[in-house]
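There are 2 protein chains.
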Amino acid sequence: MKKFINDPNNLTNELLQGMALAYPRKVKIVDEKLVVRAEAKSSDKVAVVSLGGTGHEPAVQGFVGKGMLDVCAAGDIWAAPGPPTLLAAMKEVNREAGMLLVTLNHAGDVMSANMAKQMAEAEGIKVVEILTTEEVRPTADEEGRGLGGCFFIYKICGAAAEQGKSLDEIAALANKINDNMATIAVLSELATHPSTGGVCGTLGDDEMEICAGQHGEGGGVVMPMASSKETVKILADKIVEKKGLKSGDEIILIINGSGKTTLMEQYIAFKDASDYFTDKGIKIVGGHASEVLTVQEAGGYQMIVLKADAEIKELWEAPCDTPGYTVQ
Amino acid sequence: MKKFINDPNNLTNELLQGMALAYPRKVKIVDEKLVVRAEAKSSDKVAVVSLGGTGHEPAVQGFVGKGMLDVCAAGDIWAAPGPPTLLAAMKEVNREAGMLLVTLNHAGDVMSANMAKQMAEAEGIKVVEILTTEEVRPTADEEGRGLGGCFFIYKICGAAAEQGKSLDEIAALANKINDNMATIAVLSELATHPSTGGVCGTLGDDEMEICAGQHGEGGGVVMPMASSKETVKILADKIVEKKGLKSGDEIILIINGSGKTTLMEQYIAFKDASDYFTDKGIKIVGGHASEVLTVQEAGGYQMIVLKADAEIKELWEAPCDTPGYTVQ
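First to last, the sequence lines map onto chains A and B.
No gaps in the numbering here: position 271 of the first sequence is 292 in the working numbering, and each next residue is one more.
No gaps in the numbering here: position 129 of the second sequence is 150 in the working numbering, and each next residue is one more.
Since the hints were derived computationally from the structure, they do not count as laboratory data.
Take these hints with a grain of salt, some might be off.
[Unchecked claim] Facing chain B, from chain A, some residues (calculated, C-beta under 7 Å):
1) I50
2) D52
3) F291
[Unchecked claim] Which chain A residues stay away from chain B? Per the calculated CB distances, all over 12 Å, these:
4) R46
5) G88
6) E144
7) D189
8) A193
9) S268
10) I289
11) I305
Computed from a predicted structure; not experimentally measured.
By construction, the Cβ of each residue, glycine as well, lies at the ideal position given by its N, Cα and C atoms.
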């Protein structure tokens, strides 16, 4: 492991502090593990809250800021924060208007979120949870995990909250987004856990894994490396099938680099995906190619697709200002 | 080489097309090799023009857009565009108010820029060139190359042009920025040329190179890998010495990941650099930690420091909207 770090057991604190020092007008750190908007949103508006392990920068803490998350509870590297940390996050933005809690479907996050939500409700906090489950799995009977599609919930529900929509409206919107989106991951090189130096999974020199999930947990389909165009077709076919996309549909497309895969390759994949969807009569009405949710120096990327309607399109274009994503 | 590409000889076209497809409201591609603002700036304002090889995404073409570059001529991977391409870029934004041409000090770029400028002037185009030379070299008598500091010129001169400043004022500002900035690169892993598979340079498993330049051309100082804090001190000491920074000075700081080095490490480096400068009484008044100018999957980062005054601070905060950088 060749990384520029200090104490391997203090990575989370140092990286969060670094982020806040780089973007002090966007975020601040409270009690070491809460990333909070530098200027709070007016308290008559619904708050949007999330949680997640660190080591996935800019996700998920880097999406706190105007127009996206109000607060995000940080766990250690690749580990969910404990319930008390998430409860503290919820208290930090507690309000009459209530809050949307966005949980990615991973065992640790789900457990923390459920416990924290119970404790919060016992204290009178008004919270609705959305569990993101948009991952495309190799077979239809496996439950999807929450991958980079959380970004769509943060961005679009964050914009709706900024506009003053009610908690019921925002919860309905979050459900619509989760139902209408799909993410599929391809992995070409393994990541190293920066605290332990451990490597997740195995992968041959000429192999890639489709449906690889976030960390290389395995369970995907290993096959020989392919060209960008071929890889895009494999991924996009599965998304089209799962979501039943057809000619005339409109989508927002994200190519989310996992770490080592260059932005050059992400742009090429975006072009290939654009060609693919256009050939099918599916129109791309919004896009982003960037590192949204990374896994250290993992190779590969996530293709994240959201079927869009008028409401989603308008909110996607709305302004936001976070360390990881800014719309003017 | 394990990359998601198609034809290794058509990378530049595909990646530029992908970028424009992802951000059609920000940029468009003209004649395959010119990246142009989607909506032209009003023609009574000075244009800002640059050139550079591709394979460094988002730099340099990704900084075209409102508030930064008006047009950028693209070369092949790591190669300058030829003079005709740059001349075409200059004609694309030709105007009474004139244009600033930003050239990074690398032999190929300098040659293309000089020839294109002569041809442009012969055709009556009003152009002033700024050559960026801000790199810290191992010894004081070596001429600095132009590294990621071009980003400061694009951002700040782009904002000045947007405000309607004259070409003389913008040229003076560009010179001030070049004089007041310094960049130093540390390299921990080598990049692969995505067309040829060739690797630039050599580096041992436990080594890093200081003053490594952009592509691993060599000429830097090879030493054992060090912690983030130690590495930051080595880099920042050289910048402080070269620029004569002292207590009371204000700076804008960028930690620019080269590719493989994670955003986690960039945030940690930002924190360590913030601690370092604060200890010296030097105040960080603006920051950015991100991949600004990458070199494929190279490990390491560039520390880019600009001594700021009131004019620079105001223009740094001004809005911009490009694929690679957005300020609200």
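To see whether the hints hold, each was checked on the structure:
With a cut of 7 Å, the hint placing I50 of chain A at the interface with chain B is violated, because the nearest CB-to-CB distance is about 11 Å. Residue-level restraint check for D52 of chain A is violated (minimum Cβ-Cβ distance to chain B is 17 Å; threshold 7 Å). At a threshold of 7 Å, the smallest CB-CB gap from F291 of chain A to chain B is about 4 Å, leaving the interface hint in force. Taking the minimum C-beta to C-beta distance to chain B, about 9 Å, the non-interface status of R46 of chain A is violated against the 12 Å cut.
For G88 of chain A, the non-interface assignment is contradicted: its Cβ lies about 9 Å from the closest Cβ of chain B, within the 12 Å cut-off. Every CB of chain B is more than 12 Å from the CB of E144 of chain A (nearest about 33 Å), matching its label as outside the interface. With a least CB separation of 29 Å from chain B, D189 of chain A remains clear of the 12 Å interface cut-off, as annotated. Chain B leaves A193 of chain A outside its interface by the beta-carbon criterion, the shortest separation being 28 Å against a cut-off of 12 Å.
No Cβ of chain B approaches the Cβ of S268 of chain A within 12 Å, the least distance being about 19 Å, so the stated non-interface status holds. In this structure I289 of chain A is not separated from chain B by more than 12 Å, as the shortest Cβ-Cβ distance comes to only about 5 Å. A Cβ of chain B approaches the Cβ of I305 of chain A within 12 Å, the least distance being about 7 Å, so the stated non-interface status is violated.
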